[in-house]
Structures are given as structure tokens and as C-alpha cells.
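*Asks:* With chain Y fixed as given, assemble chain P onto it according to the hints.
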Amino acid sequence: MTAAQIFAVIIFAAMFLMIVMDKIERHLVTLGSGVLTLTVVFGICMKNGSAVWNTLALEGFTKKEFWYQVSESESKGINWATIIFIAGMMIMVEGMAKAGFFRWLCMRIAYLVKCRTIPIFITFMIMSAVLSMFIDSITVIMFLAAVTIELAQLLKFNPVPMILSEIFCANLGGSATMCGDPPNIIVGTSLGYSFGDFLTNTGLAAGISLIISVVFLYFSFKKEIVGESSGSVDMSKFPKPSEAITNKRDFIISSLIFACAVVLLVTHATTHLTVASIGVFIAAVTLITSGKHAPELLKKVDYKTLIFFIGLFIVVSGLEETGILELIADFIKKISGGNVMLMVTIILWVSAIASAFVDNIPFAATMVPVIQSLAETTSGIQLTTLAWALSIGTDIGGSATPIGASANVVGTSVAAKNGYPIGWGKYCRKIAPATVLVLAVSTVYIFVRYL
Amino acid sequence: MEQQLIISVGREFGSGGRVIAEALAKRFDIPIYDRHLITEIAEKTGLSPEEIEKYNENPKSKIFSRTVRGYSNSIEDNIAEMQFDFLRKKAESGESFVVVGRCSETKLRDIKGLVSLFILADMDAKVKRVMEIYDLSEEKAKAFIDKKDRKRKRYHNYHCSGHWGDSRLYDLSINSSRLGIDGTIDCLEEYIRRRIKICG
Chain Y
775 MTAAQIFAVI
785 IFAAMFLMIV
795 MDKIERHLVT
805 LGSGVLTLTV
815 VFGICMKNGS
825 AVWNTLALEG
835 FTKKEFWYQV
845 SESESKGINW
855 ATIIFIAGMM
865 IMVEGMAKAG
875 FFRWLCMRIA
885 YLVKCRTIPI
895 FITFMIMSAV
905 LSMFIDSITV
915 IMFLAAVTIE
925 LAQLLKFNPV
935 PMILSEIFCA
945 NLGGSATMCG
955 DPPNIIVGTS
965 LGYSFGDFLT
975 NTGLAAGISL
985 IISVVFLYFS
995 FKKEIVGESS
1005 GSVDMSKFPK
1015 PSEAITNKRD
1025 FIISSLIFAC
1035 AVVLLVTHAT
1045 THLTVASIGV
1055 FIAAVTLITS
1065 GKHAPELLKK
1075 VDYKTLIFFI
1085 GLFIVVSGLE
1095 ETGILELIAD
1105 FIKKISGGNV
1115 MLMVTIILWV
1125 SAIASAFVDN
1135 IPFAATMVPV
1145 IQSLAETTSG
1155 IQLTTLAWAL
1165 SIGTDIGGSA
1175 TPIGASANVV
1185 GTSVAAKNGY
1195 PIGWGKYCRK
1205 IAPATVLVLA
1215 VSTVYIFVRY
1225 L
Chain P
0 MEQQLIISVG
10 REFGSGGRVI
20 AEALAKRFDI
30 PIYDRHLITE
40 IAEKTGLSPE
50 EIEKYNENPK
60 SKIFSRTVRG
70 YSNSIEDNIA
80 EMQFDFLRKK
90 AESGESFVVV
100 GRCSETKLRD
110 IKGLVSLFIL
120 ADMDAKVKRV
130 MEIYDLSEEK
140 AKAFIDKKDR
150 KRKRYHNYHC
160 SGHWGDSRLY
170 DLSINSSRLG
180 IDGTIDCLEE
190 YIRRRIKICG
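Chains Y and P, in that order, are what the protein sequence lines are.
In terms of the numbering used here, the first sequence opens at residue 775 and continues consecutively.
In terms of the numbering used here, the second sequence opens at residue 0 and continues consecutively.
Rather than coming from a laboratory, the hints here were simulated on the basis of the structure.
Here the structure is a predicted model, which is why all the values come from computation and not from measurement.
Built from N, CA and C at the ideal position, the CB exists for glycine as well.
Take these hints with a grain of salt, some might be off.
As the list claims (entries may be wrong) - Simulated pairs of lysine-lysine, DSS-like, Cα-Cα distance not exceeding 25 Å:
| id | chain 1 | residue 1 | chain 2 | residue 2 |
| --- | --- | --- | --- | --- |
| 1 | P | Lys89 | Y | Lys1200 |
| 2 | Y | Lys872 | Y | Lys997 |
| 3 | Y | Lys1078 | P | Lys61 |
| 4 | Y | Lys888 | Y | Lys997 |
| 5 | P | Lys53 | Y | Lys1011 |
| 6 | P | Lys150 | P | Lys61 |
| 7 | Y | Lys797 | P | Lys61 |
| 8 | Y | Lys797 | P | Lys53 |
| 9 | Y | Lys1011 | Y | Lys888 |
| 10 | Y | Lys797 | P | Lys152 |
| 11 | Y | Lys930 | P | Lys150 |
| 12 | P | Lys53 | Y | Lys1200 |
| 13 | Y | Lys1200 | P | Lys43 |
| 14 | Y | Lys1200 | P | Lys61 |
| 15 | P | Lys43 | Y | Lys797 |
| 16 | P | Lys147 | Y | Lys797 |
| 17 | Y | Lys1204 | P | Lys146 |
| 18 | Y | Lys1204 | P | Lys61 |
Claimed, not checked - Stretch-level coverage of chain Y by chain P, calculated; a stretch enters the list once three of its residues show a Cβ under 8 Å from a Cβ in chain P:
| id | segment |
| --- | --- |
| 19 | 791 to 798 |
| 20 | 829 to 840 |
| 21 | 1183 to 1193 |
What the hints assert, rightly or not - Okay, the calculated bits of chain P under chain Y, using three or more residues with CB under 8 Å as the criterion:
| id | segment |
| --- | --- |
| 22 | 89 to 103 |
| 23 | 138 to 151 |
Isolated chain Y (complex conformation) (with noise of 0.2 Å):
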């Protein structure tokens, strides 16, 4: 090994042990990780400039592609696309957020099924699922939880099951776009895919999922549910969904601006607008049409995050650029001893494990160019394959533990601040085996589609 590749190995493990111990603030580890690869590995071991310049990818602003591409194309350095998307996105949920949208829309389908627990449950699931297709699992699970808690309050009936079962759906959700979880916008955007790319392969696989997961969650959680839930519902009593709306022309224009983002994400590839073209539009018009409160909701943005990705980016080239992610990709392709079966169980079930304990994040940047790699050495296997693989993997194997998703930090977290305290055992119980059985359905849905 060179004194490079040691150095990115080193760097690499200490920002994950870092983010595992949570003693600095994530986005503080990986940025000082980035800045260590950009001059230890690239400047002092690699002397190489043009390895910094190609990480900090700042050229491809510039380019035509980046906001407009006809044909696909793969990304290197510093994902700015990813970014740039989720910080549109950040401003538009925030905006609809602050006139209510989310709260109105819960209280409306709780209206909608008379309030009663059962079907509330079954709704709520597959409102999870849908919004969080569009819009980041943490602000859906955020509402949901909290509307959930107040219904169970109105309702008599214990949320648990119910928040547990919200935030499984809201993780295979977001496993159905590319734009429901952020492995899916890294995978897209680094490989050149489309929201139709994502929809018609991982999508398929995660509706088929929802089903089965919605029959098991309601076998699992029956019990609980009817059993605490009465008959008779005094409707009355319930706050009225018009009440949720803060603001009826910022409601009305934010619901707008959320249509269209759907409708520009869903034609993107007609349209050839890229998703960071989109995250700008909707940012903008978020912007303009909130007026004077743009501010605010400009302040509200996670930039945390959007650090944490740029600081993850560049250490994940440092792997990369030193041929690091070349070795995994080898040592993948001995050990699968090039059996396109097993080598697609590995990256969907390794994918799984490792993002059920630690940030599916940093996994699924790590394991693009490994997947690269991989399709252009093994004979008998697309790209695409495993790239569905993987996004299946991190994304639903987030979901088998407290830890594994951010939505299962945020809901949990919500019904502890309530008096409903979720440990470990109480959430791996029922939603542990959850994960292992959409993670066999979407093994078989991938052999049998593809292989």
C-alpha cells in the first residue's frame, strides 16, 4: 500500500468511528476529513493537483450538463448536484411546513376515515410511504409522529405501533425514488439515472413491499391496536384539518410549488432539466413567493448537512483516487468468486447490515465507485443491478434498527418527548423482522428480474 492509500484508509475509518461516537458535530468530522484528504492524501502524499481540482469539482457548474443533460452521465468529487438538490428541496419543505401543509394533510385523512384507529393506521402507513418519495423521511416522520401522538391522545390508543409502522414505510418510501433518500439521490446522480430509472425498478420493488408490509405491520401490531380502540368515534371533539393551515394564499401556493416538484422530478428525464436544475427552480420560487419571510425560511436549512455531504464527497474521493475502492471492488468480486448471484446478495445484504448500525450515507458514497468497478470487471452483470441492490440495501436496512434511518431517530425521539419511550428491544421486536422480509422479497424481486 502506498503512503496515500494508508492515509485515506486512516482518514476515512477515523471520520466513521468519529460519526459513530457522536462526540463532534457530524458535519465537522467529515468537513475536517475532507480538508486532511484534500492536503494530506492529495497535496503531501499524492502531489497531485489535478486530484484536488477533479474532488472539488467547482468546473461543473459551468458546464451545460450539469443543469441540462441529454444524455447520461457520472459524476465525480464532490456530488454538487446532491447538494444543490437537497438544499432546494430543504427550502421548499420548509415553506410548505410553515403553512401547515403536513399537519392539514394528516388531520385530513384522519377526517377522511372518521377517525377510526384501524384505518387511520393503514393510511398513515401509506402516507408515509408516498410523501416520503418526494420529500426527506425526517420531516415526514417529524409531522406524522406528532399527529399520531395527538390523535392516540384523542383516541385513547397506544401511537407506538403505529409511529413504529410509520417510519418502516416512510424508509421504504424513500427507497422507491430517486429523490426519497439520500443514497438514491448519490446513486442517481453519480451514475447518471433518472427518477423514472428509479421509480420503474426500486419503486416497483418497494410497492410490492409496501403490501406485504402493511399485511405483516397489521398482523404484528393487530392486537395492540383493536384492542385498546373503541367503537364509537366523537368527531366533534377533533380539531378540524382547516385549522392546521397557518395561511390560506401561502398554503395554497406552497401545495403549488410541491405539485410542480413532482411533476418536474417525474418528467426530468423528458425534460432533461437536471435535479439540480429542479432544486434551484423550486428553491427560487419557494423564495419569491414566501417574500419577506424568504429569510426565515432560509435560515431554517439544515446546513449541517449540506456541509456533512461536501466534507463526505471529497473523503470518499481521497478512496477513491488512491485506488482504495478498486480493492473492495476486488475483494467483492474473490469472494463472490464472480457468481453474479452472490455478489448481488452481497451488496444488497452487506448494504443492509452495515447501514441497519451506522449512516447509510457515507456506506452508499463509499459504495458507487465500488459498484463501478465492479460492473466494468465482472462479465454478465449490469450496473444498474447492483446499483438497485444497493440503494435497496441502505435504504431498507435503515430501518431494522432505532439508529439505522434518520426517521427512526426523529420518531422515536418524538414519542419519547411524549411519554411513549421506544428502546431497543421494544423497536427491533417487530420491525427487525420487518426489514429481513422486504429485504428477501427485494432479493427475489432482483433475481428474478434481472438475473
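*Replies:* For chain P alone, coordinates are given in the frame of chain Y:
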């Protein structure tokens, strides 16, 4: 009492900190929040006091917990935050009280009427006290003290930037072995009365 008085009592396990805090609460005729804090949180959240006790003043497990945008899955963290919120609300409402532990010297630092104390004691005295109260052998009492203090230290240092027991964090750190428990209470009472006089 017109002027707000909040007495924050940090303590080493076995130093008599809780007894001292209770005595101060009596002498100044103000409520004490220690176990009572657990009951109040239990009433507010619907959790049982036993459940809260399980996670009370416990450090979270770093391996098994994660924080996302200020949300933590750790039950210990959430119980701690609830207690900090509760104390802050009480303090901001102008209420006077004594609070034991809960990082109160840091969390309520900006409250004008705060008097922060830290009670320590010689190891021999602590061991003797713990042996009597918990009916333990000398060896077991020492191990118990170490375990409890390690936990308190980790809990404190995780939630605050200052170090647990560091004299710079408190208005007064006092070794209860020097004057004995009663002597320490008298001394602290006098100190607090002087503080009230100066501030008033």
C-alpha cells in the same frame, strides 16, 4: 420569599449532598426537586416513575444512540431534556427551589437568583456513609461510589461543556467531611443568606 432563590446542589455519591439539599430546602422554606422531579415528569408524560428512574441521570450509550437535527433516539437524552425544560420553566416562572444534580448549575446559569454548590467528601467518609445506608462491605461500597460517580460525571459532561466537580463551574465547592453534614448545612445557609443580602 419575594426574591427568587434557586439552590443548585451538585454532589459526589456518598457526600451527603442530597441530605444537605433537603435541609437547605427546609431552612429556606422552598420546594426541592430531586425525586419530586421524577414524579412531576411522570405525571406530565404518563410514564411510570420507575421507568423514569431507570433512565434518570444516566449517560446515554454512544454506540446505541444517534442524534439527528437535535432529535435523539436515546431515552436517557429525552428524559434529561424533559427535566432541563421542566427546571427552566420553573426558574423562568420566578419560583424558588432547590434542585439536586441535573446539570442545573449550567442549565440555569443565566438565572439571577441561582446559587450553585458542589458537595464533595473524603473517600473514607463517603465509604462509611454508603456502608451504613446501603448495608454494604467496604469494598463493595467503594465500587458502588466509583460506579455512581462515573455515571454522574459522564451524564454531566455529555450535557454540559464544563466538567463535573470542577470548582470553576460552581459558586462554592465544599468538602462535607471537614465540618460534618450539619456544620456544612450551617455554613451553606450562612453563605446563601449573605448572597441574598448582597443581591437584594
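*Asks:* Now tell me, hint by hint, if it's right for this structure.
*Replies:* To see whether the hints hold, each was checked on the structure:
Proximity of P/Lys89 to Y/Lys1200 is assessed by CA-CA distance (about 33 Å); at most 25 Å being required, the pair is judged violated. Of the pairs offered as hints, the one joining Y/Lys872 and Y/Lys997 is violated, with about 37 Å between alpha carbons and a cut-off of 25 Å exceeded. At most 25 Å may separate the alpha-carbon atoms for a hinted pair to count; Y/Lys1078 and P/Lys61 meet this at roughly 20 Å. Our distance criterion of 25 Å between C-alpha atoms is met by Y/Lys888 and Y/Lys997, whose separation comes to about 21 Å.
A hinted pair counts as satisfied when its Cα atoms are at most 25 Å apart, and P/Lys53 with Y/Lys1011 does not qualify at roughly 36 Å. Taken as a hint, the P/Lys150 and P/Lys61 pair is honoured in the structure, with Cα atoms around 13 Å apart against an allowance of 25 Å. Under the criterion of a C-alpha separation no larger than 25 Å, the hint pairing Y/Lys797 with P/Lys61 is consistent with the structure, at around 9 Å. With a C-alpha separation of about 24 Å, the suggested pairing of Y/Lys797 with P/Lys53 holds against the 25 Å cut-off.
Straight-line distance between C-alpha atoms of Y/Lys1011 and Y/Lys888 comes to about 12 Å, which keeps the hinted pair within the 25 Å bound. Simply put, Y/Lys797 and P/Lys152 have alpha-carbon atoms about 15 Å apart, close enough for the 25 Å limit, and the pair holds. Of the pairs offered as hints, the one joining Y/Lys930 and P/Lys150 is violated, with about 37 Å between alpha carbons and a cut-off of 25 Å exceeded. The suggested pairing of P/Lys53 with Y/Lys1200 holds, with an alpha-carbon distance near 16 Å, which does not exceed 25 Å.
The hinted pair formed by Y/Lys1200 and P/Lys43 meets the criterion: a straight-line CA distance of about 22 Å does not exceed 25 Å. Of the supplied pair hints, the one linking Y/Lys1200 and P/Lys61 holds, its CA atoms being roughly 19 Å apart against a limit of 25 Å. Proximity of P/Lys43 to Y/Lys797 is assessed by CA-CA distance (about 31 Å); at most 25 Å being required, the pair is judged violated. At most 25 Å may separate the alpha-carbon atoms for a hinted pair to count; P/Lys147 and Y/Lys797 meet this at roughly 22 Å.
Distance hint between Y/Lys1204 and P/Lys146 is unfulfilled; the C-alpha atoms sit about 34 Å from each other, more than 25 Å. A hinted pair counts as satisfied when its Cα atoms are at most 25 Å apart, and Y/Lys1204 with P/Lys61 qualifies at roughly 23 Å. Only residues whose beta carbon comes within less than 8 Å of a beta carbon in chain P count, and the segment 791 to 798 of chain Y has 4; three or more means the coverage holds. Given a C-beta distance limit of less than 8 Å, the hint that chain P covers the segment 829 to 840 of chain Y is violated, as 0 residues qualify and 3 are needed.
Taking a C-beta to C-beta cut-off of 8 Å, the segment 1183 to 1193 of chain Y contributes 9 residues in contact with chain P, enough for the three needed, and the coverage statement holds. With 0 residues having a beta carbon nearer than 8 Å to a beta carbon of chain Y, the segment 89 to 103 of chain P misses the requirement of three or more and the stated coverage is violated. Counting residues of the segment 138 to 151 of chain P whose beta carbon lies closer than 8 Å to any beta carbon of chain Y gives 0, which falls short of the minimum of three for the stated coverage.
Checked against the numbered hints above, the structure violates hints 1, 2, 5, 11, 15, 17, 20, 22, 23; every other hint is satisfied.
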